[in-house]
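Engineer: So the chains spell out like this:
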Amino acid sequence: MKSLIKSVITLVCVCAVMASLLAVANIITAPIIEKNNNAAANEALLQVMPEGEGFEEIDISKFELPATVAQAYKEANGGYVFRLVTTGYKSNFIIMCGINADGTVSGAICLSSNETLGKEKTFGENFVGKNSDEVDTVDIISGATKTTEAYRNAVKDALNSAIILGGGSVDIRTEEQILADNLSSALPSANGKFTKLFIVETVEGIDKIYGATNETGYVCVVGEEFIGVDNNGNVITETSAENSQNIAAQIAKIKSSTIEKLDISGYTNIHKNVISISKTASGNYVVETKGAGYGIKGDDTYHPISGEYIVVRVSMTKDGKIIDCLTVSQAETDGIGSACADEKFYGQFVGKNESNYTEVDAISGATMTTDGYKNAIKYAFDAVKIIEGGSTDAE
Amino acid sequence: MQNKSNMSVFLKGILKENPVLVLILGTCPTLATTTTVTGAFGMGIAALVVLICSNVFISLLRKIIPDNVRIPCYIVIIAGFVTIVQMIVKAFFPVIDSLLGVYLPLITVNCIILGRAEMFASKNNVVKSALDGMGMGIGFTLALCGMAFIREVFGNATFAGIEIPFLVPYKIDFLVKSPGGLLVFGMLIALVYVLTHGKAPIKREFSCAGCPSAGSCHTGSCQLKGDEQ
Chain A
102 MKSLIKSVIT LVCVCAVMAS LLAVANIITA PIIEKNNNAA ANEALLQVMP EGEGFEEIDI
162 SKFELPATVA QAYKEANGGY VFRLVTTGYK SNFIIMCGIN ADGTVSGAIC LSSNETLGKE
222 KTFGENFVGK NSDEVDTVDI ISGATKTTEA YRNAVKDALN SAIILGGGSV DIRTEEQILA
282 DNLSSALPSA NGKFTKLFIV ETVEGIDKIY GATNETGYVC VVGEEFIGVD NNGNVITETS
342 AENSQNIAAQ IAKIKSSTIE KLDISGYTNI HKNVISISKT ASGNYVVETK GAGYGIKGDD
402 TYHPISGEYI VVRVSMTKDG KIIDCLTVSQ AETDGIGSAC ADEKFYGQFV GKNESNYTEV
462 DAISGATMTT DGYKNAIKYA FDAVKIIEGG STDAE
Chain B
36 MQNKSNMSVF LKGILKENPV LVLILGTCPT LATTTTVTGA FGMGIAALVV LICSNVFISL
96 LRKIIPDNVR IPCYIVIIAG FVTIVQMIVK AFFPVIDSLL GVYLPLITVN CIILGRAEMF
156 ASKNNVVKSA LDGMGMGIGF TLALCGMAFI REVFGNATFA GIEIPFLVPY KIDFLVKSPG
216 GLLVFGMLIA LVYVLTHGKA PIKREFSCAG CPSAGSCHTG SCQLKGDEQ
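Chains as they are written, first to last, in the working numbering: chain A, 102 to 496; chain B, 36 to 264.
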């Protein structure tokens, strides 16, 4: 028993002595070890800001920064370094971007990515020395639009974030967010849910009309103005009397519009890619056509991968002026040709006629999709001409 | 053992009882850390420091520590010193820390240190224990550096990270890999044997004298079998 107690006490004493020695060693070395570890972590930061010193991570949850900002570091001389996670052609596109105290980019590198072309590896060099006004002068690389655009937007986010962290304010909302905010403030009763109306009547003085999903009214876009209209056609936001009168009239016109589907089986010379044609009481046409996109060999070659056409809905007056245009469905290459489903692309056809509809900006890197789309529109023009009794050179 | 001179206690670790090449202790860190001279040197010095400290400490406490808890006590002491060395290396030699990686904390279970504690420090006075630790540590460091020199220079055509241009076309990649390490290890053991025992191994009669269990065996039957062969 005695020897057991002695053993236990000895062991405890030995442990205590060693523990105190360890504590002393730890007190001396811990700050140095931490400094070393920070130096290793700072290596990536120094790559984008070679003259930076004293980096400190910022708690970004306290600021409203763009969603791409994953981490932010403040540098002793007033600069910032941001780690940005964005999506280019593929997701998890990670960029490190340093912003100098004077608001110019000190460097940008891609830390990791799943992009296909490797353009992101050196693209960051183009941004060095640019400020937020000049960043748009960096050209997107054709063929790697998604990658380089995402890169440029990430650098823009970094520049904006630096301004926000420096106490300034920047509108960091995306275009969609700005649109959604404008729509909601014009018609609060819609609870923020809108769909863009497909217009079949010629409307004067209105650029775009959005309908509330819960059918409580409309929002008309006139230039920069967003004008709310309730279900009875009364303008509810403040605007000029002239606008308000016109809008009320136009909304009434749209609401009273009736549409009837035409039987086109009798018209043998209408192109087979025309799916359906409808006519409004006012004499306008709504045509749905399909065009063969990527992989096109002839006018009606199926998409080689998906077997899907691009289906386009076009409304036009009887003399062939496009009132509205919409991509109904498409299965083009994701991230490239799929841009034909963006309003940015198909919105270009609005107001065009047969002589100038081809003058739209093509989708970068997706010439075949663009051509297929234009073909679909051409079939619509031809079909309307045939029904109106005019001549056509449809094959 | 008590009557041995301090000098011989110190010197025996370097060649005659070299922990790696004669006692064949600590083979694992030997093979793992000898791909670069820098790493081998760092490992050797770290083990040297731990050896001296733990030998001195254990020697001081050899009369206090009861026999039945001596191994736990040794382990605590050794682990403590290893951790201290690890902290110092991390703080002041981060390059060596990244080279040694996990083998640095593993010095705790390095047979050399526990072996010397058990075999020597627990039976000898402080001065002798310190000298023994120093000798063994230097022996360990020299063995490691020698091995690393061969492996790095001929295997990777570099010395302590500096490229040796005229050797680059004649790199023997095999030496840097584990089997190559074992090969070099074996050759060095042979070399040390030749240096300590003379050129030709003494041709030993196959008798009870060479049998590890000769002491407990009294039948003499093995003697007979040995002779027949």
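Treat the hints with care, since some could be wrong.
Keeping only pairs whose Cα atoms sit at most 25 Å apart, straight-line, the calculated BS3-like set for lysine-lysine is [unchecked claim]: (1) B:Lys98 to A:Lys136; (2) A:Lys107 to A:Lys163; (3) B:Lys212 to A:Lys103; (4) A:Lys175 to A:Lys191; (5) A:Lys362 to A:Lys373; (6) A:Lys475 to A:Lys453; (7) A:Lys107 to A:Lys136; (8) A:Lys107 to B:Lys98; (9) A:Lys373 to A:Lys475; (10) A:Lys475 to A:Lys309; (11) A:Lys103 to B:Lys125; (12) A:Lys107 to B:Lys158; (13) A:Lys422 to A:Lys297; (14) A:Lys362 to A:Lys175; (15) A:Lys309 to A:Lys422.
To be clear, the hints were calculated from the coordinates, so they are not data collected in a lab.
Quick caveat, the model's predicted, so the values are computed rather than measured.
Engineer: I'd like to know which numbered hints this structure contradicts. Please list them from smallest to largest.
Structural biologist: Result: hints 1, 2, 3, 4, 7, 11, 14 break, sorted rising.
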